[in-house]
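K.L.:
Protein sequence lines correspond, in order, to chains E and L.
In short: position in the first sequence from 1, add 6, done, that's the numbering used here.
In short: position in the second sequence from 1, add 19, done, that's the numbering used here.
Worth flagging that the hints you see were computed from the coordinates, not collected in a lab.
Hints may be right or wrong, so weigh each one.
So these bits of chain E aren't anywhere near chain L, every CB distance computed over 12 Å [unchecked claim]:
#1 Phe288
#2 Ile323
#3 Gly330
#4 Ile377
#5 Leu491
#6 Leu609
#7 Leu636
The list that follows gives simulated cross-link-like pairs (lysine to aspartate or glutamate, EDC-like), each with its CA atoms no further than 16 Å apart [stated by the list, open to error]:
#8 L:Lys133 to E:Asp610
#9 L:Lys108 to E:Glu607
#10 L:Lys75 to L:Glu165
Taking beta-carbon pairs under 7 Å as the criterion, some of the chain E residues facing chain L (in silico) [said to hold, decoys possible]:
#11 Leu20
#12 Met87
#13 Phe324
#14 Val326
#15 Ala337
#16 Ala340
#17 Ser341
#18 Pro395
#19 Ser522
#20 Asp526
#21 Glu607
#22 Asn611
Every residue, glycine too, gets a C-beta built ideally from N, C-alpha and C.
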Amino acid sequence: MIAELGHFSLILALGLAVALTVIPAVGVYQSRPLLMNMSGSLSAGLFVFVFISICCLANSFLTDDFSVDYVARNSNTSLPMQYKISAIWGAHEGSFLLWILVMAGWTLAVSVFSEQLTTDMRARVLSVLGVLTVGFLLFILLTSNPFDRTLPVFPMEGSDLNPLLQDFGLIVHPPMLYMGYVGFAVPFAFAIATLSTGQLDSAWARWSRPWTNVAWAFLTVGITLGSWWAYYELGWGGWWFWDAVENASFMPWLIGTALVHSLAASEKRGVLKSWTVLLAIFAFSFSLLGAFLVRSGVLTSVHSFAVDPERGMYILIFLVLVVGGSLTLFAFKASKIESTADFKASSREAMLLINNLLLVVASAAVLLGTIYPLFYEAMNDGLKISVGPPYFNKVFVPIVMMLFVAMAISPVSRWKKTSTERLLKSQVIPFVSALVMVTMAVIVFAKSIEIVVIFVNTIAVWIIISLGRDLYQKVQHKKAKIQSLFKQSMSYYGMLLGHFGIAISIIGVVSTVYFSEEKDVRLEPGDSLTLSAYHFKLNKMLRVEGPNYLADQAEIEVRKGGDFVAILRPEKRFYPGAENTMTEADIEVGLFRDLFVALGEPLDNGAWAVRVHYKPFVRWIWFGGMFIALGGFLTVLDRRYRVKASRKVTETVLVGTAV
Amino acid sequence: MKPTLLIPLVAFLLLVVILAGGFQLKDPHILPTVLINQPFPEFELASLHGEETLTKQDLIGEIALVNVWATWCPNCLVEHPELMRISQKENIPIYGINYNDDPVKARKWLRRYKDPFKKVIVDDKGRLGIDLGVYGAPETFLIDDEGVIQFKHIGIVDRELWTNTLMPLIDQLKRVKMKKADLSSKIDIQS
Numbered sequence: 007m008i009a010e011l012g013h014f015s016l017i018l019a020l021g022l023a024v025a026l027t028v029i030p031a032v033g034v035y036q037s038r039p040l041l042m043n044m045s046g047s048l049s050a051g052l053f054v055f056v057f058i059s060i061c062c063l064a065n066s067f068l069t070d071d072f073s074v075d076y077v078a079r080n081s082n083t084s085l086p087m088q089y090k091i092s093a094i095w096g097a098h099e100g101s102f103l104l105w106i107l108v109m110a111g112w113t114l115a116v117s118v119f120s121e122q123l124t125t126d127m128r129a130r131v132l133s134v135l136g137v138l139t140v141g142f143l144l145f146i147l148l149t150s151n152p153f154d155r156t157l158p159v160f161p162m163e164g165s166d167l168n169p170l171l172q173d174f175g176l177i178v179h180p181p182m183l184y185m186g187y188v189g190f191a192v193p194f195a196f197a198i199a200t201l202s203t204g205q206l207d208s209a210w211a212r213w214s215r216p217w218t219n220v221a222w223a224f225l226t227v228g229i230t231l232g233s234w235w236a237y238y239e240l241g242w243g244g245w246w247f248w249d250a251v252e253n254a255s256f257m258p259w260l261i262g263t264a265l266v267h268s269l270a271a272s273e274k275r276g277v278l279k280s281w282t283v284l285l286a287i288f289a290f291s292f293s294l295l296g297a298f299l300v301r302s303g304v305l306t307s308v309h310s311f312a313v314d315p316e317r318g319m320y321i322l323i324f325l326v327l328v329v330g331g332s333l334t335l336f337a338f339k340a341s342k343i344e345s346t347a348d349f350k351a352s353s354r355e356a357m358l359l360i361n362n363l364l365l366v367v368a369s370a371a372v373l374l375g376t377i378y379p380l381f382y383e384a385m386n387d388g389l390k391i392s393v394g395p396p397y398f399n400k401v402f403v404p405i406v407m408m409l410f411v412a413m414a415i416s417p418v419s420r421w422k423k424t425s426t427e428r429l430l431k432s433q434v435i436p437f438v439s440a441l442v443m444v445t446m447a448v449i450v451f452a453k454s455i456e457i458v459v460i461f462v463n464t465i466a467v468w469i470i471i472s473l474g475r476d477l478y479q480k481v482q483h484k485k486a487k488i489q490s491l492f493k494q495s496m497s498y499y500g501m502l503l504g505h506f507g508i509a510i511s512i513i514g515v516v517s518t519v520y521f522s523e524e525k526d527v528r529l530e531p532g533d534s535l536t537l538s539a540y541h542f543k544l545n546k547m548l549r550v551e552g553p554n555y556l557a558d559q560a561e562i563e564v565r566k567g568g569d570f571v572a573i574l575r576p577e578k579r580f581y582p583g584a585e586n587t588m589t590e591a592d593i594e595v596g597l598f599r600d601l602f603v604a605l606g607e608p609l610d611n612g613a614w615a616v617r618v619h620y621k622p623f624v625r626w627i628w629f630g631g632m633f634i635a636l637g638g639f640l641t642v643l644d645r646r647y648r649v650k651a652s653r654k655v656t657e658t659v660l661v662g663t664a665v
Numbered sequence: 020m021k022p023t024l025l026i027p028l029v030a031f032l033l034l035v036v037i038l039a040g041g042f043q044l045k046d047p048h049i050l051p052t053v054l055i056n057q058p059f060p061e062f063e064l065a066s067l068h069g070e071e072t073l074t075k076q077d078l079i080g081e082i083a084l085v086n087v088w089a090t091w092c093p094n095c096l097v098e099h100p101e102l103m104r105i106s107q108k109e110n111i112p113i114y115g116i117n118y119n120d121d122p123v124k125a126r127k128w129l130r131r132y133k134d135p136f137k138k139v140i141v142d143d144k145g146r147l148g149i150d151l152g153v154y155g156a157p158e159t160f161l162i163d164d165e166g167v168i169q170f171k172h173i174g175i176v177d178r179e180l181w182t183n184t185l186m187p188l189i190d191q192l193k194r195v196k197m198k199k200a201d202l203s204s205k206i207d208i209q210s
């Protein structure tokens, strides 16, 4: 009964989404504010019904209602409670319900935080968000209903959630990722709404910017969490695999990064506007493309959802309608957009344009690598090939290197015009000091001297020095230096933090790639091995029992030069419900290195195959990601995005006193 | 309207054509019919272990799985425990094709994760992969005792595939073989 209620609220939500699409649009067409303003309550209603629906699914999971097919496939009576909740988005149908909830949430947020928008604009934006929601709801109702029953014969026990997914990572990674993916619908809706009016002013950029930054920051968090999760859960110590689905989240991120930057130019200087609109369309299109790649089964990947050609076809048609439609609109309307300002080749605008071009080329390279197998197949009469990480490393790395160099130089550039000579001269000292610092550090601390490591880390340190110097120059001539630190805008600090995060990630990536060490050995209890400066000793093997698994657990003592470092307890788990074994690695976490131990297979005489990794600076990759996201969130706190709201308040106060 | 503004739209439509094409070609429920019931292609390639050269003759003799894998393929690691189980518990030999890979890395990989393969063919140029119509790794072929391809699977081999598809197919092949043997022994007696 409860499951049917959930299904029914989804259908009601579809009705509300249709209303949200049509009514405000009619209001705009007939200039009737009453109809336009209905968008607010319709958005609220839409959110409420989608929320009820997901609560019903949660109820089915918590009450172990295995007559619901989706629950039977992804849960089990002995599954711990937190995973019963997160199992809601553990497979295709439920995760798409989460996607819709996030979509409804963003729509509601736009309708609530839209004081700055005119009534007309707000109605247009919400109508666009409405039509997208209609598409998503139709998809889930027609092809992927999570409330399908298996009556009259239903299993007494569920087949359990995939053990890989029984982890903290599943609880947080998909919601964050979807906040980002779906969040790009908001700048998309702004872009379409603005194109439909034909008036592209910088007000549009100012509206879009905070929304874009938040969505992009969420996506950053999602990708970072995904990378961290893969690292500790998949048990082979990698943190990025150029897997099709990883690429599917990385492409919108790259385009989103370009958008975040070009919006800055559009807002502040009124340039690059039609380009920015195009990026806003592309960012969301890549999110949809990602959904297509993951859920249609055209590409195989670790994230394989249950494959169904019908679903793929639906998403492809939806993609054609949404993206094709918006690009057609763009083609007809964008010629009316005119830049209101001009800029020189060495200005900050030009630097942002270089950033944009490089990011777009980088995402095109990733796209090519991801769909090339399909392309080749189409061209060569079904001949099939594949490209692996070698392609991505060869093509992607040089592009981002250029990007990083531009990043180091850019803070010095100014709007409109910067003298090229000044720009280059100012870089000599930061670059040379970075080079010296990094070379010394590598000579002192590293085992071997790698030119690539020195080169790349120099760029990273150079970026950090440039940022620090820029902040210093902003306050050095002020009398009250500390106060003027507080006077800098939040979006400036967001930029500093974001770029700082990139530099941190660069250091993490290059150090991990070049200085990691690993060993695979056969260990009997009492045996030990040495890796880097660390000494690992297998004390004993234990049998432990978890809520829904049995495990062999090793107790490994780690010492460095005789000093105790840690006891690590990696496990090999067997999940009877899913008939699956899982390697649960144990990691000694540190700021400058991780020690990662995973159990392989049991061997004869009570011995085990054991794998040990030494991973220097690996944490920095994710710390950097978190800094980047924090920077994105910080820009939203900038005062100028609340200016009109506060003015409204003053007006009411004035009216109040007048009365 | 400026014609240059149409570029994004045109590029997008091209992409859709590719996606739709790939989609048609690669419906995972439909097997590429050209290969089914065809003999396994001829080849002459090095073995990953030792000096010997492997040919099609090495695969013939019993019902077996042929698994296309590589060290750069994370999914190969995902399916690895199931391959280990099949080779040990189910007593079905598995031949590996190390596809577009570095043999040194491949040997290291097998040492690290254990080797489920009876023999491993080195296909570092991807020639055999082309003959087999390999889309990517992993892919798995089921061949009968005469080396005829009976089934092809794209993507990981898991317990579900084993129970629902591979095991029934293998049982059926065995039954057919027994019937044939039965029949021929009867004919022998009659003659």
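K.L.:
Take the hints in turn and mark each one as holding or not.
P.N.:
Here's how the hints hold up against the structure:
Here phenylalanine 288 of chain E does not stay apart from chain L, with its beta-carbon only about 8 Å from theirs, under the 12 Å limit. Distance check for isoleucine 323 of chain E against chain L: the nearest CB is about 10 Å away, which does not clear 12 Å, and the non-interface claim fails. Distance check for glycine 330 of chain E against chain L: the nearest CB is about 6 Å away, which does not clear 12 Å, and the non-interface claim fails. The Cβ of isoleucine 377 of chain E does not lie farther than 12 Å from every Cβ of chain L; its closest approach is about 6 Å, which violates its non-interface assignment.
Against the 12 Å criterion, leucine 491 of chain E stays outside the reach of chain L, whose nearest CB is about 43 Å from its own CB. A Cβ of chain L approaches the Cβ of leucine 609 of chain E within 12 Å, the least distance being about 9 Å, so the stated non-interface status is violated. With a cut of 12 Å on Cβ distances, leucine 636 of chain E stays outside the contact zone with chain L, its closest approach being about 30 Å. With a C-alpha separation of about 14 Å, the suggested pairing of lysine 133 of chain L with aspartate 610 of chain E holds against the 16 Å cut-off.
Between lysine 108 of chain L and glutamate 607 of chain E the alpha-carbon distance is near 15 Å, which keeps this suggested pair within the 16 Å criterion. Of the supplied pair hints, the one linking lysine 75 of chain L and glutamate 165 of chain L holds, its CA atoms being roughly 10 Å apart against a limit of 16 Å. A hinted interface residue such as leucine 20 of chain E counts as satisfied when its beta carbon comes closer than 7 Å to some beta carbon of chain L; here the least separation is about 26 Å, so the hint is violated. The interface hint given for methionine 87 of chain E is broken, as the beta carbon of that residue sits about 26 Å from the closest beta carbon of chain L, more than 7 Å.
Annotation: phenylalanine 324 of chain E was flagged as interfacial toward chain L, and the flag is violated, the nearest CB pair being 11 Å apart, outside 7 Å. With its C-beta approaching chain L no nearer than about 6 Å, valine 326 of chain E sits inside the 7 Å limit, and its interface hint holds. Of the supplied interface hints, the one on alanine 337 of chain E holds, with its beta-carbon coming within about 4 Å of a beta-carbon of chain L, less than 7 Å. Because the beta carbon of alanine 340 of chain E sits about 5 Å from the nearest beta carbon in chain L, less than 7 Å, this interface hint is met.
Because the beta carbon of serine 341 of chain E sits about 5 Å from the nearest beta carbon in chain L, less than 7 Å, this interface hint is met. At about 6 Å, the closest approach between the beta carbon of proline 395 of chain E and any beta carbon in chain L falls short of 7 Å, and the interface hint on this residue holds. Interface restraint check for serine 522 of chain E: the shortest CB-CB distance to chain L comes to about 15 Å, outside 7 Å, so the restraint is violated. The restraint placing aspartate 526 of chain E at the interface with chain L holds, with a minimum CB-CB distance near 5 Å, inside the 7 Å limit.
At its closest, the beta carbon of glutamate 607 of chain E sits 6 Å from a beta carbon of chain L; the interface hint therefore holds under the 7 Å criterion. Look at asparagine 611 of chain E: its Cβ only gets to about 16 Å from chain L, farther than 7 Å, so that hint breaks.
Of the hints listed earlier, those the structure fails to meet are numbers 1, 2, 3, 4, 6, 11, 12, 13, 19 and 22, in rising order.
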